[in-house]
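K.L.:
From first to last, the protein sequence lines are chains A and B. When you line the first sequence up against my numbering, it's residues 1 to 261, in that order. When you line the second sequence up against my numbering, it's residues 1 to 308, in that order.
Hints were generated in silico from the structure; no laboratory data involved. Every value quoted in this text rests on a predicted model; they were computed, and no experiment measured them. Built from N, CA and C at the ideal position, the CB exists for glycine as well. Take these hints with a grain of salt, some might be off.
Unchecked claim - Covered stretches of chain A, going by a simulated chain B footprint (3 or more residues, C-beta under 8 Å): (1) 3-14; (2) 76-86; (3) 91-102; (4) 244-255.
To be verified - Restraint-style ranges between C-beta atoms, simulated for each label pair: (5) B/Gly212 x A/Arg19: 47 to 53 Å; (6) A/Arg130 x B/Lys127: 42 to 48 Å; (7) B/Gly212 x A/Gly236: 39 to 45 Å; (8) B/Thr216 x A/Leu20: 46 to 52 Å; (9) B/Asp19 x A/Glu253: 19 to 25 Å.
As the list claims (entries may be wrong) - According to the in silico footprint, chain A covers these stretches of chain B (three or more CB under 8 Å from chain A): (10) 93-99; (11) 277-288.
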Amino acid sequence: MSDLYIFRNTLRELNRPGRLWVNLLLVLLPAALALAARAAAGSRFRPETVYGNVASSLIFGFLLVILAVVNGTGVLSQEIEQKTITYLLTRPVPRWRLLLLKFLAAFLMVTVTVCASCLLVALTLFGVGRLSGAPIGRDLLILPVGALAYGALFVLMATLLQRPLMYGLLFAFGWESWVPNLPGYFRRVSLMTYLRVLAPHSREEPETLDIAQVATTLPGTQDGIPHQMAWNVLIGFSVLALMLALYTFSVREYVPRDETG
Amino acid sequence: MILLERASRWYGQIIGINDVSCQIGAGVTALLGPNGAGKSTLMKLITGQLRPTTGRVQVLGRNPFANPHVFRRMGYCPEHENSYEDLTGREFVTMLAAMAGLTGSLLHARVREVIEAVGMTASADRKIGGYSKGMRQRIKIAQGIVHDPEVLILDEPLNGLDPVGRREMTELLQRLGQQGKCVVVSSHILYEVEQMTQNILLMHRGRLLAQGNIYTIRALIDRHPHRIQLATPDGRALARRLLDLPCVLSVRLNDAGASEIEIETRDPESFYAQLPALVLQEGFVISRFESPDNNLEAVFRYLVGEKA
């Protein structure tokens, strides 16, 4: 009974009126851009290529990550900032369970939002009749895995750091943007690399390549990551990060900053 | 029910509480001290939000830190007013009651009961975001008592309440204390505490200065000369008559016109008992009457001085 209340209240907090509008805009943004790309391409329009570009850069590269950062860190940092954490931590609910329920609410929120956005893009580009030609089924399977991995990581950050949102954004749009494009094995320390292995998207070849892309195409710099390994890394990382977050939350003190007097 | 053994808590270089030892049993106990005395830190240690840096804290025989067994039997009303602004008062109390283990019809019946007990029935279905400070205080108290805890910790629960609200909440807490529950209430207002209980813990700069009956504390205070200031048009005549009272140590005329006088006494109770008769008998007019020593700051000054 208490689990349901915690889960529901977390979902409600994540969907407060201000946030709900932002989320709705984020859901519609990739579809709107896909529509614009379709109109601009005219007779050269190839839905697979546009879908690949939008899914890779906007849905996987932006929407998934930003929603995971905001919701993953928000489940805890919002309670601390609002000082409502006090009410939760003085109730007879084990802390690990409290955080797990909040994580599940955030995971559901991110998954539904990114999957809805992905589906809208596919519908915009392929139409209802040709939807089977899009790799939508595969993406709808991999996006929750990404939400799980990033969600667990950002919840862990929220249990450990004072300003998790700031560090989360730095990680998401610094590390996760650059590291997958680096040559050699270094790119293996990015979650996005494994997501791209599981959900590769055919992207339009630009007329000129930037140095990072050139570097990744040099002979000897490509290392093939098997699918199974990508699955193992993403699931293993998610479980490990989540367990570490639950443990940290169970043993650390969480008192609102100005309440330490 | 609550035991602290040489408990200290530091925040880096800043001390929260220092070497506090005490036991708190059934009934209402007031934790009294000025802002920054360490009351909130002590309450956070008791409610298991913080761990002591050194020493030991036990509630109902257990370490309270993150301990669901303790929280099942403990209620807490924090000092801050922040809440889930988009929830109604009823939803807020229901959620926290469910988290405390109440289910089904008992849950809703109990929520209704406590909302009525704190006088929030009419506003319970409004969003907390639209509540006044007093309403927030009432709903906070409701969530603290909804699961009928044996130990109830309330941090400045009367802040923001109007006089009627203060009286109602004071009576509610006294009733809980009479039922055998351990009710700990923090305050920085001596008068407020006197209305509620006789058991006090007096804190100052992180230390526990005194513990016990409020009259014992008052007796400690009364061993020091107690100042009383009066304003009267005929200060010299009143001063002469006051010097005849055995309880008066000295009388000083405060201004050139002799309209303000300051009396020093070691027995304020006796002075307060004799003054009205004297004034009526001699027909003195008193336009102002105050005691700068009859406040909490003075109590601390005396007690700190006593210890030194």
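K.L.:
All the hints need checking, so say for each whether the structure fits it.
P.N.:
Each hint tested on the structure:
1. 3-14: Holds, because 6 residues of the segment 3-14 of chain A bring their Cβ atoms closer than 8 Å to Cβ atoms of chain B.
2. 76-86: holds (count 4)
3. 91-102: Three-residue rule met by the segment 91-102 of chain A, so holds; n is 5.
4. 244-255: Since three or more residues must qualify, the claim that chain B covers the segment 244-255 of chain A holds, with 5 doing so at under 8 Å.
5. B/Gly212 x A/Arg19: 47 to 53 Å: 52 Å, holds
6. A/Arg130 x B/Lys127: 42 to 48 Å: For B/Lys127 against A/Arg130, whose Cβ atoms are near 47 Å apart, the range 42 to 48 Å holds.
7. B/Gly212 x A/Gly236: 39 to 45 Å: For B/Gly212 and A/Gly236 the Cβ distance comes to about 59 Å; the hint is violated.
8. B/Thr216 x A/Leu20: 46 to 52 Å: 58 Å, violated
9. B/Asp19 x A/Glu253: 19 to 25 Å: About 20 Å separates the Cβ atoms of B/Asp19 and A/Glu253, which means 19 to 25 Å holds.
10. 93-99: Held - the segment 93-99 of chain B has 5 residues with a Cβ nearer than 8 Å to chain A, which meets the minimum of three.
11. 277-288: With 0 residues closer than 8 Å to chain A, the segment 277-288 of chain B misses the three-residue bar; violated.
Of the numbered hints listed earlier, those contradicted by the structure are 7, 8 and 11.
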